[in-house]
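Residues per chain are reported as follows:
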Amino acid sequence: MTQFLALMRLEFSQWKTSMNVSAGTKQKKDRKVSRALLLLFLVGIIGAYLIFFEIKAMDILQPLGNPQLLLKFLTFAGMLISLVFGLFQVISSLYFSRDIAIIGYLPVRDRQVYAARLCGQLLEEIAINAVFILPGTVIYMTRLGFSAALLLRALLITCLAPVLPLCVCALLAGILTKIPGFWRHRETITTAFTIVVLIAYIALCAGFGGMTGASVDDDGSFQNMIMGLMNTLDGATVSMPPVRWHAEGLAFGGLNLLWALLADGAVFALAVLLFGRDYIACASRGLETAVTGKKVDMKMLRLRSGSALAALTKREISEMVRTPAYLTNGLLMSLIMPSMMVGILLFSLSRSPEGIGGLLEALDPTGTMRVLIAAVMTAMMGMLLGMNSSAATSVSREGRRHPLFRSLPVETKTIVLSKLIMGLILQGIGLIPACLLIAFGVPGMAAYAPLVLLWSFLLSFIGTCAGLAVDLNKPKMDWLNEVQAMKSGFNQIISLLIYMAMLGILVFASYLLIDKRIVPVESYGYALTGMLLIFCVLAWLWLNHNVKYYERIGE
Amino acid sequence: MIEFINVSKEYGKSGKRAVDDISFRVETGELFGFIGPNGAGKTTTIRMLTGTLTPTAGRVLVDGIDVTADQIAAKKKIGFVPDGADVFDRLSGLEYLNFLADMYGVSAADRKARMDKYLSLFELTDAVGNRVASYSKGMRQKLATIGALIHDPDIWVMDEPMMGLDPKAAFILKEEMKRQCDSGKTVFFSTHVLEVAEKLCEKIAVINQGKLIAQGTLEQLKSAEHADSLEQIFLELTDAESEGEEA
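In the order they appear, the protein sequences are chains S and R.
Heads up: the first sequence begins at 1 in our numbering, then just goes up one per residue.
Heads up: the second sequence begins at 556 in our numbering, then just goes up one per residue.
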């Protein structure tokens, strides 16, 4: 037990360090305070969206006599997110972490190490679940009265909800490691597996939208969405009793809580029992690297020289596409999601009796509103672009190789520029098919598709500059595995929130411009381009200002 | 030629000096060994020489070029083998060497010739098409060494270059270091392996707790410290320094 607790402390310390919450010098503390305030402000904006959703949901569910559905839904959502987004993290932390080389030599049982690792992962997922469950519970209590029992249940379920999905991830990961040839092709297999799971998740989410064809824009369609979610939730909870035990455990307590607790304990024990037995030997295989590549015939080899910027950019791209953790955490959003989103939208609209053309004709008979439709599509793609964390971690990803970069005879600006170009190229590649879909899939939008591409690209530029600027300011260079490089620390959260705040300003400004008739609809395109260019200049200036921090890394 | 003039380096606001007012000079064509116990300031000194860290005070000159004032020109003169040979895992050996050649503006013909020469010398030709991630520690060290020589630098700087190398590779490296010096290049390296420094170096500097506590040829150090071997000199110097600190 002492050893297990020591391992848990190690996990907790590593998590604390990765989240930059440890103490430091006064100057560092001041910076931490300012970053915490910024984070608080930005989280407040996102929190406001979430709370808005929860309040609106309560407005609908309470008159229907089923306010508990909100609590059930939030539990379900938290568990689903832990299942989908925790998968790659669990695989990486269990089987691809470098520190197993040290822990492997310690006189501890494999199962203790395995259990401590799993508990370490739980810490992060509990934090995510808390964001979902706790505010919803508070809103629920503001409507139906304070209940200490409910609050306690909320805290308990926040801790329990990620156990089941994470253990399922651990079981899946354990099974994957037993596939013949897994260790030789582990990166390809893990990447393919994660992509399949993510696509399944997107399809499931599209199912929610497809069921209702709705957004939260108006009360009627919002009500449809809530009803759709209710049906989906009922189906999910009936077919998956452990999910029901958690959801209903929060909403009603009683025996459901006990069942939830037992289910979590059982699946945790099962994972530890099955895959903890020879864990250290298995995870140590992650330190061995299979030989990849082919033999080079030096006599036949023809080499070409190129510029430093091109070489740096090529290296950035190679690293991004060859590292599964970077590919799945950073690139997937920008490469696949824009096309998938447009595709799903067009598919949903084409199922309506009027078809896409008919809907557009009804919405905009004169054709003057097409520019607004283009702007809305840009905003939707912009949301997805903002979720790509590749820019906000591009300096951090250098890790221990940073001194090698610094020894190169190139200007710091060139190194930063290569990271910017990498982000823009990869996001640009994702935008082109999405815009082609708009051009050829939406009647009358062909002329506006290049505009969507231009605006989306400008948004991509702003997001990439902002992400880089944030990461230059305080990169996280000491990571144990590549997932940590991509996911730990606050940089990607801060840059995402800044980006979302910028999107919010653009949307609000657009609303004012059109609603107050400051700009005629026909000229709105110019106004939006102008606003985007202003943000581009600001983001570029910010990035240039922060380039100097690159030279201070390690000082 | 390398010259450190009253160079100090402080980390953070604590005022703690990792390197404290060191001055020394390495002449062109010299093989210079930089030795010291763990945490003495060797890597910090090398990082200031390679432009990775900026000195808090003093100047570092490379062939007369101030590393802080004209980093790019100074860096072009240096070939650097970092501590631990942390190179890019996701690139193949060939891609890594090409990357460095592009960084230093090496022509296609020159890089081909140097790759042929050094890959064959360090017996890495068969593995050069493989990803660096699949390399052993010694292979990474060899690749980093070849990478540092790809632009035929005037000054070759290595941080613990013998780490991970097998005896044969270590021998080849030592021979290459001598050969580079014979052809008029300067070699500067840090090491814990005192025998290597003793056998190879024309001049040696000893650093402890950030301060340069001795420098000169092996004979000068022996006569100054009345010692028979570099090991004895090293232990006497570093122990005396530590005792002085404690007193």
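To be clear, the hints were calculated from the coordinates, so they are not data collected in a lab.
Among the clues, some could well be false.
Claimed, not checked - Below, computed lysine-lysine pairings styled on DSSO-like, alpha-carbon distance capped at 30 Å: (1) 754(R) x 295(S); (2) 314(S) x 692(R); (3) 766(R) x 723(R); (4) 295(S) x 729(R); (5) 632(R) x 548(S); (6) 299(S) x 571(R); (7) 548(S) x 754(R); (8) 299(S) x 733(R).
Item checked: Unsatisfied constraints (hint numbers, rising) -> 1, 3, 6, 7
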